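Novice: Chains as they are written, first to last, in the working numbering: chain R, 1 to 721; chain D, 722 to 1442.
Keep in mind that the hints were calculated from the coordinates and are not lab data. Source: prediction; values computed, not measured. Treat the hints with caution; some may be incorrect.
With a Cα cut of at most 30 angstroms, we get these calculated DSS-like pairs of lysine-lysine [as the list claims (entries may be wrong)]:
{"no.": "1", "chain 1": "R", "residue 1": "Lys-437", "chain 2": "D", "residue 2": "Lys-889"}
{"no.": "2", "chain 1": "D", "residue 1": "Lys-1158", "chain 2": "R", "residue 2": "Lys-437"}
{"no.": "3", "chain 1": "R", "residue 1": "Lys-444", "chain 2": "D", "residue 2": "Lys-911"}
{"no.": "4", "chain 1": "R", "residue 1": "Lys-300", "chain 2": "D", "residue 2": "Lys-783"}
One-sided excerpt, in silico: chain D residues whose CB lies under 10 angstroms from chain R [as the list claims (entries may be wrong)]:
{"no.": "5", "residue": "Ala-744"}
{"no.": "6", "residue": "Gln-746"}
{"no.": "7", "residue": "Arg-755"}
{"no.": "8", "residue": "Ser-759"}
{"no.": "9", "residue": "Asp-908"}
{"no.": "10", "residue": "Ile-913"}
{"no.": "11", "residue": "Leu-1065"}
{"no.": "12", "residue": "Lys-1087"}
{"no.": "13", "residue": "Gly-1094"}
{"no.": "14", "residue": "Ser-1098"}
{"no.": "15", "residue": "Pro-1242"}
Label-pair ranges, simulated between beta-carbon atoms [as the list claims (entries may be wrong)]:
{"no.": "16", "chain 1": "R", "residue 1": "Glu-576", "chain 2": "D", "residue 2": "Ala-1289", "range": "23 to 33 angstroms"}
{"no.": "17", "chain 1": "D", "residue 1": "Gly-1383", "chain 2": "R", "residue 2": "Thr-501", "range": "26 to 36 angstroms"}
{"no.": "18", "chain 1": "D", "residue 1": "Ser-1064", "chain 2": "R", "residue 2": "Gly-195", "range": "38 to 48 angstroms"}
{"no.": "19", "chain 1": "R", "residue 1": "Ala-313", "chain 2": "D", "residue 2": "Gly-1386", "range": "38 to 48 angstroms"}
{"no.": "20", "chain 1": "D", "residue 1": "Tyr-1261", "chain 2": "R", "residue 2": "Arg-658", "range": "48 to 58 angstroms"}
{"no.": "21", "chain 1": "R", "residue 1": "Ala-313", "chain 2": "D", "residue 2": "Asp-1070", "range": "54 to 64 angstroms"}
We treat Cβ as the ideally placed atom computed from N, Cα and C, and that holds for glycine.
There are 2 protein chains.
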Amino acid sequence: MNQSTITTDANRSTGRDLEPLFAPQSIAVVGASRTPGSVGNAIVSNLVFGGFTGTIYPVNPKAKSIMGIRCVPSLTAIDEAVDLVVIVVPAPAVEKVVIEGADRGTRNFVIITAGFKEIGGEGLERENRIKKLAKDRGLNILGPNCLGVINTAVEVSMNATFGREIPKRGNLGLISQSGALCTALLDYAKGIGMGFSRFVSFGNKIDFTEVDLMRSLAGDPNTHVIMMYVEELSSGREFIEAANEITHGPNPKPILAIKTGRTAQGAAAAASHTGSLAGSDEMYEAIMKQAGVLRVETVKDLFDYAEVFEDAALPRGRKTAIVTNAGGPGIMATDACIRNGLSLSKFQDYTLKSLKFQMPATGSFKNPVDVIGDAKSDRYRSALDAVTADEGVDQVVVIVTPQMMTDVNQIAHVVGEIKSFCRKPVVSCLMGMADMKEGVDLLKKHGVPSFQFPEDAMRSLAAKNRFTEWTRTPLQEYRQFEVDDEALERLFDAELEAGRTQLVEVRALEALQHYGFPLVPYSLAENANAAVKAAEEMGYPVVMKISGPKILHKTDVGGVKLNLRDEASVRKAHDEMIASVKAKMGDDVEIWGVLVQKMLDPGKEIILGVTRDPKFGPLLMFGLGGIYTEALRDVSFRLAPIRENMAGEMIKSIRSFRLLEGVRGEAPSDVGSIGECLMRLSQLVTSHPRIKELDMNPVIVYPQGQGSMVADARIILSKES
Amino acid sequence: MNQSTITTDANRSTGRDLEPLFAPQSIAVVGASRTPGSVGNAIVSNLVFGGFTGTIYPVNPKAKSIMGIRCVPSLTAIDEAVDLVVIVVPAPAVEKVVIEGADRGTRNFVIITAGFKEIGGEGLERENRIKKLAKDRGLNILGPNCLGVINTAVEVSMNATFGREIPKRGNLGLISQSGALCTALLDYAKGIGMGFSRFVSFGNKIDFTEVDLMRSLAGDPNTHVIMMYVEELSSGREFIEAANEITHGPNPKPILAIKTGRTAQGAAAAASHTGSLAGSDEMYEAIMKQAGVLRVETVKDLFDYAEVFEDAALPRGRKTAIVTNAGGPGIMATDACIRNGLSLSKFQDYTLKSLKFQMPATGSFKNPVDVIGDAKSDRYRSALDAVTADEGVDQVVVIVTPQMMTDVNQIAHVVGEIKSFCRKPVVSCLMGMADMKEGVDLLKKHGVPSFQFPEDAMRSLAAKNRFTEWTRTPLQEYRQFEVDDEALERLFDAELEAGRTQLVEVRALEALQHYGFPLVPYSLAENANAAVKAAEEMGYPVVMKISGPKILHKTDVGGVKLNLRDEASVRKAHDEMIASVKAKMGDDVEIWGVLVQKMLDPGKEIILGVTRDPKFGPLLMFGLGGIYTEALRDVSFRLAPIRENMAGEMIKSIRSFRLLEGVRGEAPSDVGSIGECLMRLSQLVTSHPRIKELDMNPVIVYPQGQGSMVADARIILSKES
């Protein structure tokens, strides 16, 4: 896959118009039922009680009416082409209904029914037939095996699900791969008073994918925050490109995602659940980071983050002020602030003066501001007026504990008022539960995000800060280096023709040379004279390694000599090496010669690598050499291709990055040169899908400005291109 | 401090009987008030409405009665010595009241009033006077600057606080350094329906400490779980010993603690709040680990954990079964299970057969068991019957999502019933909120811990597993090695007399030798002949270092020679070294000779160290050598002395421990010998308080069975002993 393909892919996705699915004016429910508690009854009921603004056609050949609405015996009996057909009949009957609907001119279908891919065998065949149908007839099909779809927009007001809840209208858009989880999410949202714009349970993804749905939510003006629950992604690249677009530009929308299957056991449970192989969590972690999607671990965080993201006020920076009526929670908030990567505001003198003037002497005027346990709303107002006006404050966390004199509801009103004319994020934390309920409701009415504990407030605020910074960082291009792709292809062709999938080291070096990697000077010498000549040209000391197509474990056969410092040693080493290899592998072993390489000055050793995932493509790996990568597994991954800033982030995200910054007075390493290597590598594996695996190990990194050198490389090709 | 002192300290603490404070039969409230909303009114009101079983005396010279109870003008006007005096008069008047009460025979006081140590100056003086009073007259004084004390025991039923809530009776005992936080905790507990046995806000700790209170709660039969909020500890050693006792023996009680001030900024906020220096978080982390106290980060976790700990059922092991009616949450639970260090049960054949027989074909019989969205309580019952009976199941997590047919309350009943005859922990997770409220209440009534999300359930369960394992691990002794303390003291005396606080290397090695550390063979040679003799005795190759009291930076003055392989090199090195040092430091530089050390075979390098905290005493440090400790700060700490198993945990808890286990086919390192070094070091610094700092860097560790060798050491003494 090269860059042009990527763009095409992304465009194709953008082109998928799912709007008709979300805004039908007529809906037929095939399999509608009079039996309370049945799925076919619940859907009609939810459509009716959800206040659907269009026409509902319950399809049931046996019943006369359902919920007072006259039934039709079949789709063909309806005198119009309905905009949307919701199907709840048993799996074997589904295909026929889709054909019938399509014949009548319907283009949008929701298949609630289960019993398809997830049960394998017959189910999979059914699914494939309907998949083909969708493609051949140009249909939009949601499901099968899903809860359905909700659009709360006033002009549509459609709840085409069999959930127990009719969700509140709001600005959260949710996409979920698990239908059953949706019911829990709806109930939780109801409990905390949050509302949805659109809500889609997409099930088996017979037709379009989470990326299509994500783009669709991005285009919906009522959706301010996109929330996802996924067990696997259909495509990494499309997901990254779509999310990059959605999270940038004049109206970026945050995307929050739960991706389960983090552990091997979890992934196994997911596989048995959805019947799809999830891929490694490292891969998903990389994809989410590149996409700019905030991956959250828990449902609670999902909604906590959504609450701060719903608020339109964006932080200018990470400097945070805390106002509290209790010292302990102030300390908790401070700890949480720092641990989540935010910083404490240092107040301006005028703020300190104002606070000193207005607060009791026993209060604290520094950040966190302690208005003391007996504070009522007026003191909160003075403190908040002062800190929100401070230039050194980017955002404010207000903490209220229920002391004896605390007028919680009045304080909630004050916070709400201040929030209404403050352009900085203000979040509140009403600690406790029973006595705080009303205050929390008041705050929510005022649009002030409200949390139970300081940690939740800070974590959510920190997520908003990270996202805001992400949206403000322009998307950098995929750098394209001038390289010799043709020469490389010829080299690969030749190797494969010779029956070699693992390239001989000298060929691997040549391959990298076509891509402009900084290589340690090397030369393949056919005899001792040539070796001496090469050594003299590149300068002593040198390293020599035997080179031959079948000699994979060079050290074992005496095929490596280090630190050769003069002509005599080169000649001696050459002869010994040839003799030793022949002694061990037979006189007729094919020897191309000796690879002479300049012996490198010591530097930091790093490893760059690529593996190719059958589903997501090439995954780049970076780590420090030796034990850091192998034993401590301190490595970072990104899906190729990578944008320029992503290369930098990839390098910085290993734990031992500090060692590259220079410790104990060392000069910092040339991190920029590593970044360039990563981008070249990214271009290489993206443009040449025949590369199955590639390692550069070690790459020696020198101090800033002195670059890096690839000392050794291994390339394995796929047999089929 | 040596071991006998420790025992004494711990015993002294055990001796403090605070019971009279918790179970008075008469209470005088000095500063009682008729004014609603005042502290003096709230306390009388809480005592009355809390149903105090004894006699209440409101003390107020101006009012006739408060809440219908006839006031007395002063303590002296009461015709009995009241058991407890609660003081709410302004700070300057407090001392007089204490004296008055003590004169009348009262021994127990709660000082609610603020305005003492926390405001410094005058306040501190006031506090010190009352502190002296407590000591001189043998009083128990809680506070000042606190919310008060609650004991919900039926026979006492005392709420002597000015909180807004009268807490439910229950089995949680809470100790809090922050009074204001208490109100939030009480309100939260009310919201989630949890009750307390005792509730103490201890404020400024004028008299007894959190350790006394902890022991007191440990002795209270109504308290099953001890919860703490602390900003600093008064003593690390007493805390560890007390907690070790409480968490062991026939009736171990779990201790959960929030200790704030994790970050430097948080610690600063805490310092300005309580006026006390907290000490480093590393220190606290070490203390909590050694104490066996579960440190929690958030109020939510505090109560979540308390909920599983209240349940008497103890897990036999970490093997966990999951039963769910939704696939997605099952995957979430699996991820959370593994990430929290639990494992998934592998079911026995009979369990699988039973599940296959009873579940629908589309369900999952493997763990997690998916009873499918249409499951009602009967199917939950079958699944739970099967998995709770399985020998491979140590604990069960039941997940319920609100599907259309889900009879939540019936399921709650079933889970409650199964729990009632099951000896394994069973926790539930009713996902959602609005529709789940009743089910949650039912579960709580049945004593089934209930959580909103799988992550919370697993995290809490994992905490219980860790604690259960801790209680089952016998407390190992503080090993006492046979050492030569007297020789060591003489050595220290001599060095200090010579005006040296930093020991010359050879003296540091001698000091360690008195403590039986495995030292690399060394000898101080006064001339070249002696150096040769020493080298030949220990065997070549050797290292030589110049030795003299003023020569601290040996390398800088040419005072170190490595890898000397024969007599000639030793002689040459000796002469060069002497010449170089004299050239650089002057001819009259004091030279003791050269330190000849056997050059060690390579092994893994580690660092052992000690610093002495002014408050908590010696803190042991362990890390791998070089960058691991210095740049990556991958080190672990424990407060000396350490028990034997703690030494092992200390070693295992560094991230790079894997390198000692042997990577890339290496033999594992001799971890046992590191443990012994740590214990010797622990004994050394505990017995010799004059040691201010000590480093052994590096210590070379060899493969298992081959021990370790201390190669270099640095000891700094305090001037005053």
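Novice: Holds or violated: the 26 to 36 angstroms window for the beta-carbon distance between D:Gly-1383 and R:Thr-501?
Specialist: holds (33 angstroms)
Novice: Is 38 to 48 angstroms respected by the C-beta to C-beta distance linking D:Ser-1064 and R:Gly-195?
Specialist: At roughly 40 angstroms between Cβ atoms, R:Gly-195 and D:Ser-1064 fall inside 38 to 48 angstroms, so the hint holds.
Novice: Is the gap between the beta carbons of R:Glu-576 and D:Ala-1289 within 23 to 33 angstroms?
Specialist: Taking Cβ atoms as reference, R:Glu-576 and D:Ala-1289 lie about 32 angstroms apart, which means the hint holds.
Novice: Taking the beta carbons of R:Ala-313 and D:Asp-1070, is their distance inside 54 to 64 angstroms?
Specialist: Cβ of R:Ala-313 to Cβ of D:Asp-1070: about 59 angstroms, so the range 54 to 64 angstroms holds.
Novice: Can D:Leu-1065 be said to touch chain R, with a Cβ gap under 10 angstroms?
Specialist: D:Leu-1065 check passes; min Cβ-Cβ to chain R is 5 angstroms, inside 10 angstroms.
Novice: May I ask you to test the interface hint for D:Lys-1087 with respect to chain R, counting a Cβ-Cβ separation under 10 angstroms as satisfied?
Specialist: It holds, given that the least Cβ distance between D:Lys-1087 and chain R is near 7 angstroms, below 10 angstroms.
Novice: At the C-beta level, are R:Ala-313 and D:Gly-1386 separated by a distance inside 38 to 48 angstroms?
Specialist: violated (57 angstroms)
Novice: Check whether the Cα positions of R:Lys-300 and D:Lys-783 lie no farther apart than 30 angstroms.
Specialist: violated (53 angstroms)
Novice: Measure nothing beyond the straight line between the CA atoms of R:Lys-437 and D:Lys-889; if it is 30 angstroms or shorter, mark the hint as holding.
Specialist: holds (19 angstroms)
Novice: Quick check on a hinted range of 48 to 58 angstroms for D:Tyr-1261 and R:Arg-658, using CB atoms only.
Specialist: Since the Cβ atoms of D:Tyr-1261 and R:Arg-658 sit about 39 angstroms apart, the hinted range of 48 to 58 angstroms is violated.
Novice: Grab the minimum C-beta distance from D:Asp-908 to chain R and call the hint holds if it beats 10 angstroms, violated otherwise.
Specialist: D:Asp-908 check passes; min Cβ-Cβ to chain R is 3 angstroms, inside 10 angstroms.
Novice: Have a go at the D:Gly-1094 hint: is there a Cβ in chain R nearer than 10 angstroms to its own Cβ?
Specialist: Holds - the Cβ of D:Gly-1094 comes within 10 angstroms of chain R, reaching about 5 angstroms at its closest.
Consistency with the previously given hints fails for numbers 4, 5, 6, 7, 14, 15, 19, 20, ordered from lowest to highest.
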